[in-house]
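Chemist: Protein chains in written order, with the working numbering: chain A, 109 to 778; chain B, 109 to 778.
Hints are not guaranteed to be accurate.
Any copy will do: because identical chains look the same in the list, a pair fits if it lies in one copy or spans two.
To be verified - Calculated pairs, EDC-like style, for lysine to aspartate or glutamate (alpha carbon to alpha carbon, straight line, at most 20 Å):
(1) Lys547 <-> Asp213
(2) Lys693 <-> Asp274
(3) Lys331 <-> Glu764
(4) Lys703 <-> Glu273
(5) Lys404 <-> Glu284
(6) Lys727 <-> Asp526
(7) Lys547 <-> Glu206
(8) Lys547 <-> Asp610
Rather than coming from a laboratory, the hints here were simulated on the basis of the structure.
There are 2 protein chains.
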Amino acid sequence: MTQMVDILLRGGTVVTMNDKYDVYEDGAVAILDDSIVAVGPTDEIVRDYAARETVDCTDSVIMPGLVNAHTHIPMTLMRGLNDDLRLDVWLGYLMPVEREFVTPDFVKLGARVACAEMIRSGVTSFADMFYYEEAIAEQVAEIGMRALLGQTILVFPAPDAETFEDALLLCRRFIEHWNGHPLIQPAVAPHAWYTATPELLLACADLARAFDVPLHTHVSETKLEADNSVNQNHMSVVTWLEQHGILDTKLLAAHCVHINEEDMFSLRRVGAGVAHCPSSNLKLASGIAPVAQMLKLGLKVGVGTDGPASNNDLDMVEEMRLASFIAKVATQDPTVLPARQTLEIATIGGARAMHMGHLTGSLEVGKRADIAVRDMRGIHNQPHFHNHPDAVYSRIVYSSKASDVAHVICNGRWLMRDQVLLTVDEDAAREAAIDVAAKIDAFVIERESSPYNKLVLLAGVQRLESFEVQVKMPVDDDRAVHEALSGESITVTSAAHYRQYDHYFIFDSGDQDAARLRYREDEFIGEDGEVTQVRTRLTLIGEGQREEFPNAVMLSRSRFLATADRSLRFYQEYFAPARELRVHKDRYRWHILYKATDFAINLDHVLEPELPGYFLEIKARTWSRSDAERKATLITELLGQFGLTLDQAERREYTEIAQSANTEREGARA
Amino acid sequence: MTQMVDILLRGGTVVTMNDKYDVYEDGAVAILDDSIVAVGPTDEIVRDYAARETVDCTDSVIMPGLVNAHTHIPMTLMRGLNDDLRLDVWLGYLMPVEREFVTPDFVKLGARVACAEMIRSGVTSFADMFYYEEAIAEQVAEIGMRALLGQTILVFPAPDAETFEDALLLCRRFIEHWNGHPLIQPAVAPHAWYTATPELLLACADLARAFDVPLHTHVSETKLEADNSVNQNHMSVVTWLEQHGILDTKLLAAHCVHINEEDMFSLRRVGAGVAHCPSSNLKLASGIAPVAQMLKLGLKVGVGTDGPASNNDLDMVEEMRLASFIAKVATQDPTVLPARQTLEIATIGGARAMHMGHLTGSLEVGKRADIAVRDMRGIHNQPHFHNHPDAVYSRIVYSSKASDVAHVICNGRWLMRDQVLLTVDEDAAREAAIDVAAKIDAFVIERESSPYNKLVLLAGVQRLESFEVQVKMPVDDDRAVHEALSGESITVTSAAHYRQYDHYFIFDSGDQDAARLRYREDEFIGEDGEVTQVRTRLTLIGEGQREEFPNAVMLSRSRFLATADRSLRFYQEYFAPARELRVHKDRYRWHILYKATDFAINLDHVLEPELPGYFLEIKARTWSRSDAERKATLITELLGQFGLTLDQAERREYTEIAQSANTEREGARA
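This is chain A alone, in the form it adopts within the complex:
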């Protein structure tokens, strides 16, 4: 008595990747609805099952679909836009493009291109992290791939959320909408600890736990990041995340390049998954993750391509081969990460790392039918040896190519048959991608002549996101300020005195990231009034966004810093600004703690344009609207300490004051 099934794949080498690593040299897989109902030798399966559709898989390998454990799929549309750059310079190019172009339509198109590419290389499941995951989910579900989709949460304004509260809300709605979907597993994706505040991390962990969904984040990708954590937090990245609740979630930790054994024990204890991204870690020179050690300790390790802007492809065959290669060279041991174990981390290992091991990653009865069939007839796969049971893994990992994949089935549905994609219109996606690329080209070419690009061409730049609450007040008596600072409620943590010579180049480029370039010379003044140190630097300042609060101003803008090692005259010629402005001032600067909160205080006497009296500035970095509101309230209290009230606040920046002073002067001359 035979059972009727939907699809029967027969006559291929079935590589199950089950716990016993069963391989059937002439094997078959029976699929009913979305699931696998039988796996075994062809003769046994055909005896027990009849199928509506039977596919001959002679000379092919029938294996689990590959699992891409970390990527940013819409970045297909920025593939090869800029390569071979330092990360900060690269971001300087990329982020304005993202801000300009990333929309729901953009991410859907990028998802179509990415899914087409992944299906072609035999991938059926992946873990994404980007903006507008709602739109990505719609697209991916339509195409029919399995995915863990993480809605990105940042302290900075993002394409889909101005503040992190907005991002959290968006993420919550996304989870509510998609949780329980047969293909899409929504997830919370705080981008990384260094683009988060402690509150943000705690809120993300809470959200993930509330819905019992995975949390996807970048962990210790670069040495700089790991060093910064030790310097700033006095602990490793993993420990910092642990202290902020992130390890109490179903965690998928991407990269983990710079982690130590203690970190590994922490990750293992909580059953966290690690997404190892060889190409990206090599291409960006981040380092080689200690994967051999992770696996030895029993961590759940998967393999990911990372986004195609730093890879530049989504080819998991190449990625798993690379995982094996670099593990060997890093440990100086060619026996490390052998072919079978490598295929394991690229399939069931990745599924487990994504907390989806019960659904996918191996060919086992009861699991979803996520299957790739690789045609092994290509001359690059010849010949085949059979004297060793692991020879088939060698072929798959060390010689087969993405282009060998013939058929792909996901959740029991055909996605590719005989190398023809069935659920993505590849030609239309290509044409649309080319159109977007032409628009990005035009945008970038326009920027080529921008101050930003000129700055990049001249020197490496460092990007700083600036998101501040601040207030500026004219004060007549500077001594009152000095005195107030010695009061009991204020603790001064550092103090400096310098003369600041600012030279502003004003541009009319229309580039909101590059409104002004400041050439600043700081002369530090010692106790005896002597100049102790001179520092010169260039800062490209965006126009930014200004938001009025009842008792302060919140400003957000991007800044790009570069050391200035040439003369002012050189920069004047090189940048050819529309206008120039000078502001010289004498500045006392303090960092203080008030009610356990950091503030910076400037007491400025402006020498050019010559302005009477002093200006007191009180500033604090902030990350969210609620935090900004709290700090604005504290600023009001602080003003009271200085005997000031808000009604005389100066709304203008020094450049604006200088500009109007210039205008008055010119008016007087005329």
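Given the coordinates of chain A, work out where chain B should sit on it, guided by the hints.
Modeler: Only chain B this time, still in chain A's reference frame:
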């Protein structure tokens, strides 16, 4: 007036890789006979040239064929035979296979498979090193690829030469036959310094200079090799090669993983080429070659796949991408080896490293027409950006695949058209390769139960090639030997005294590499007669070849050493030998110098089987027949020093003496 040409490729993005890196976005290449006659914008070229055959290359890149600067092409037939092993264990598997299977027909078949694979990935030129290069040359010339073919020269017996004199002669004939061929450049290929003697290296350098042909050798591939050179030669590998004439040739140095700046200066001074092999160096855990530094110093660097048994493919697209990736991570600098420079070393750089830069590697008027056309429509290559002149290099290096190659032309001849190979019968090659693989499978399975494999499964083994001249003489008076050693003409460099308990397992496996396994316990005896140290080891000894000389015996055989950390009883059960034999003896051992030549002297008193008197053994390692003859003469002289003459020489080994003693004993019992 238009000129008539044979082939005109038009409408593609022409990437010339000339000195100015000219790229023509809508470009064309005109080919007449074997050469390029024009390169430029399509509109200019079609104005000036008419063609017998015009090929539309829309959406494609027209570029130089890739150059694979180091490989061993017949090893396609051993692709995936054994992976994830230590080099010595891997060789233990591979070398018996080579000895059994490598014939002219085998290398021709391997060449067909390899050329098919290389043409498919857009390679037109390569540098090979293997045995029977004469046969490989015939095959490659017929297929129509350009190649530097190096006939391997070893001190050990090789599949095509018993001694290095034979190998040199073979190489000379090969050069005489092929030098001047339009496609094939013969070369001298001493395998490596550590498989060579000084005489061999000098002879190879002489041969290469005599014919002005390149010399291709492995240089400093592993740290062990580099360390051994310093320990044995008191200098780096490069300096050792320099001292033995190798740098005075048109050198192509493969690998160069462990070289220092001084070595780089030496290689640069002589215009040597370096073949960088990323996959192989990673997969065998050899290390990462300092390619960034080599390029900075101006060395001629190419990229090679190495043999497909240690890669496991011949995919130069993957190889060049990897070259870029690992250079970045090794220097912790993502700007190192950017896409354009990476394509450069995979094309014109490789051609220059192979001393063929005047012929191939770039699309320039007057050069041979060695061209690959890559179809860039694949979804993994989407989209295309044009805002930066290097974007096309990014696409080729970071996202394109071997499977994108549509057409290949070499020396003006079509090798592949629309992904159809025109000069290799790929299906026939695949079938024949599968047949050979089945035979290798059977051979290896037979060996699976062999003592060798059992030894490998138990412990790592170390392979020693043994090639000795020796003589054994019964002596009555041991004091005469001790006295002779203090004579003036003999210098004793070391002396030891030990009791040697040998337990031989005799196998009837028919495996000539595994005739006997010796379990040996050495008890070292101090001055006071006390045991100072005990050493136990296993040695698997081949039957070897015995060649009678007028006054000595030359023996060559392979040995595999392993430490013995288990009991004799365990090994008896584990290896289950057909027979066992015991030889116990008291041995004095000296290393001496006689006429500036090293000899080992054993003075043995055999305790089991109990034999009367003593045996004197005189041994010397040798590498060639002429050297063996010289040492045999010196042995005769030495015998004179001990008051002995050759007529009483004992031809039998101790096992044979023991065996006949056993037989006699058993006969007496019966």
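Chemist: Which hints from the list above does the structure break, by number from lowest to highest?
Modeler: Failing hints, ascending: 2, 3, 4, 5, 6 and 8.
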